[in-house]
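Enquirer: Below are the chains, spelled out letter by letter.
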Amino acid sequence: MNEIIGFIYNSPVSSWIRIASWVIPTVQSVHILALALLVSSALLLDLRLAGIYLLRGLLP
Amino acid sequence: MTIQPLLQAIYDWQLSDAIRLSEAAFPWLECIHVLSICLVVGMISIVDLRLLGVHAHTPSVRVLERQALPIVWVSFAMAAASGAAMFASNATGYAKNPDFQYKMALLVLVFVNMLFFHVVGRRRLTEWDEAPQVPIIARLAGLLSLMIWIAVVFFGRRIGFTLSPF
Chain A
1 MNEIIGFIYN
11 SPVSSWIRIA
21 SWVIPTVQSV
31 HILALALLVS
41 SALLLDLRLA
51 GIYLLRGLLP
Chain B
1 MTIQPLLQAI
11 YDWQLSDAIR
21 LSEAAFPWLE
31 CIHVLSICLV
41 VGMISIVDLR
51 LLGVHAHTPS
61 VRVLERQALP
71 IVWVSFAMAA
81 ASGAAMFASN
91 ATGYAKNPDF
101 QYKMALLVLV
111 FVNMLFFHVV
121 GRRRLTEWDE
131 APQVPIIARL
141 AGLLSLMIWI
151 AVVFFGRRIG
161 FTLSPF
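Sequences listed follow chains A and B, in order.
According to the numbering used here, the first sequence is numbered sequentially starting from 1.
According to the numbering used here, the second sequence is numbered sequentially starting from 1.
Isolated chain B, as found in the complex (with noise of 0.2 angstroms):
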């Protein structure tokens, strides 16, 4: 593979090494990598599970959305640089990992839903913004999301268990 050398460069790279040799540092970015995961997936569920019909404090998805997504985004990252920063301690052995690559497609999945929903999902959304049941593409939107996040955080945990060390 022609990413075999960029892998090793990052692997190579000061960060990682420092990251590799601390004790502390390993821990410390899988517990803010959980943490903001906690707040990307939860409110994501949030909105999805709005979606599907379970609304919270608010039954329009308009409001839901702007409160939730800016907590979604600052978050995400968070998770985004903690989890790269874990990756270059170890791009090479990560880069190989099944679990690794399947939680990377699907968030690749994750984002096409999003925009899915975003450029077809929430059509005429001011007509259905506060409707106990939503369109059915909305709906389908959500119900994707909700399975495609969890099996994100499946994946994910898994990762920390099948990894080998170098």
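Okay, chain A solo, but in the shape it has when bound (with noise of 0.2 angstroms):
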């Protein structure tokens, strides 16, 4: 097992993530926004699922 951590730790592009500084900011950002469609798309599936959300809410 640590011999694969260790092997992922030293590759070449675990070494480039670490020092490039811009990198670990963007790849949270994009983590994040792809969380975020997750997780709001999972809640209006569940709202839907749910029978709070209907395919024709209640329109004004």
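The reader is advised that the hints may include incorrect statements.
[Unchecked claim] Sample of chain A residues facing chain B (criterion: CB under 8 angstroms; computed from the structure):
id : residue
1  : Ser29
2  : Ala36
3  : Leu37
4  : Val39
[Claimed, not checked] Here are the simulated distance ranges between beta carbons:
id : chain 1 : residue 1 : chain 2 : residue 2 : range
5  : B       : Gln14     : A       : Leu54     : 42 to 52 angstroms
6  : B       : Val108    : A       : Trp22     : 20 to 30 angstroms
7  : A       : Ser41     : B       : Trp13     : 37 to 47 angstroms
8  : B       : Leu15     : A       : Leu37     : 29 to 39 angstroms
9  : B       : Glu130    : A       : Leu47     : 19 to 29 angstroms
In case anyone wonders, no lab produced these hints; they're calculated from the structure.
Since we're looking at a predicted model, the values are computed, not measured.
Just so you know, even glycine gets a beta-carbon here, dropped at the ideal spot from N, CA and C.
Could you use the hints to bring the two separately framed chains together as a complex?
Expert: Written as structure tokens, this is what we have:
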């Protein structure tokens, strides 16, 4: 297990991510944006399944 | 700058001091901030994508708005409150951070874009509510909103990496 982790840590991609200062915030931003879409889509689907959100909601 | 005394007053505030002294407060505020931003940006993206032609569970823009906007506003209030608390803990430091300044400017832009969509973009919405392709002006507002929100998240995340301690 430790060998696998060490191999990942020492790989050129891992070193590059640690060295380039803009990489971590950018990757984290992409991570957050993907989470945003995932969580929001799941919430919409859940509310739809729960019958709270209807296909044709009560229009004004 | 004349706002310097105000920033200092915010910094010296009791609550700001409590956040600085507490080890747990800041990570909790960050968690609340990121989670509520996820809902704000995610829900808005779903509406934006609908304007760009990718529809969710309903083709109706009005239904989607009615369902997404309450979640957006509640989440935005949570994001703004947790963000304000984090800002207060180091008001003088954040105010001169370029990434923070960009983020705030982009939030103003996205708000202007929202007003633009509300006043101009939604014109005769009942006529194109369920149309696969919406008017160009509404598509433009959706595209702008999507791009600006992505930039808001980007600069927001950068703040945590560029902040001078005090």
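Enquirer: Using Cβ atoms only, decide whether Val39 (chain A) comes closer than 8 angstroms to chain B, and label the hint accordingly.
Expert: 5 angstroms, holds
Enquirer: Range first: 42 to 52 angstroms. Now tell me if the beta carbons of Gln14 (chain B) and Leu54 (chain A) are that far apart.
Expert: 47 angstroms, holds
Enquirer: Does the Cβ-Cβ separation between Leu15 (chain B) and Leu37 (chain A) fall within 29 to 39 angstroms?
Expert: Roughly 34 angstroms apart at Cβ, these two residues keep to the hinted range, so it holds.
Enquirer: In this structure, is the beta-carbon distance linking Ser41 (chain A) and Trp13 (chain B) contained in 37 to 47 angstroms?
Expert: 39 angstroms, holds
Enquirer: Using Cβ atoms only, decide whether Ser29 (chain A) comes closer than 8 angstroms to chain B, and label the hint accordingly.
Expert: 5 angstroms, holds
Enquirer: So does Val108 (chain B) sit 20 to 30 angstroms from Trp22 (chain A), Cβ to Cβ?
Expert: 25 angstroms, holds
Enquirer: Against chain B, with CB atoms and a cut of 8 angstroms, does the hint on Ala36 (chain A) hold up?
Expert: 4 angstroms, holds
Enquirer: Does Leu37 (chain A) hold up as a contact with chain B if the rule is Cβ-Cβ below 8 angstroms?
Expert: At about 5 angstroms, which falls below the 8 angstroms cut-off, the nearest Cβ of chain B leaves the hint on Leu37 (chain A) intact, so it holds.
Enquirer: Given the hint of 19 to 29 angstroms, is the C-beta distance from Glu130 (chain B) to Leu47 (chain A) inside that range or not?
Expert: For Glu130 (chain B) and Leu47 (chain A) the Cβ distance comes to about 20 angstroms; the hint holds.
Against the hints set out earlier in the document, no violation occurs for any number.
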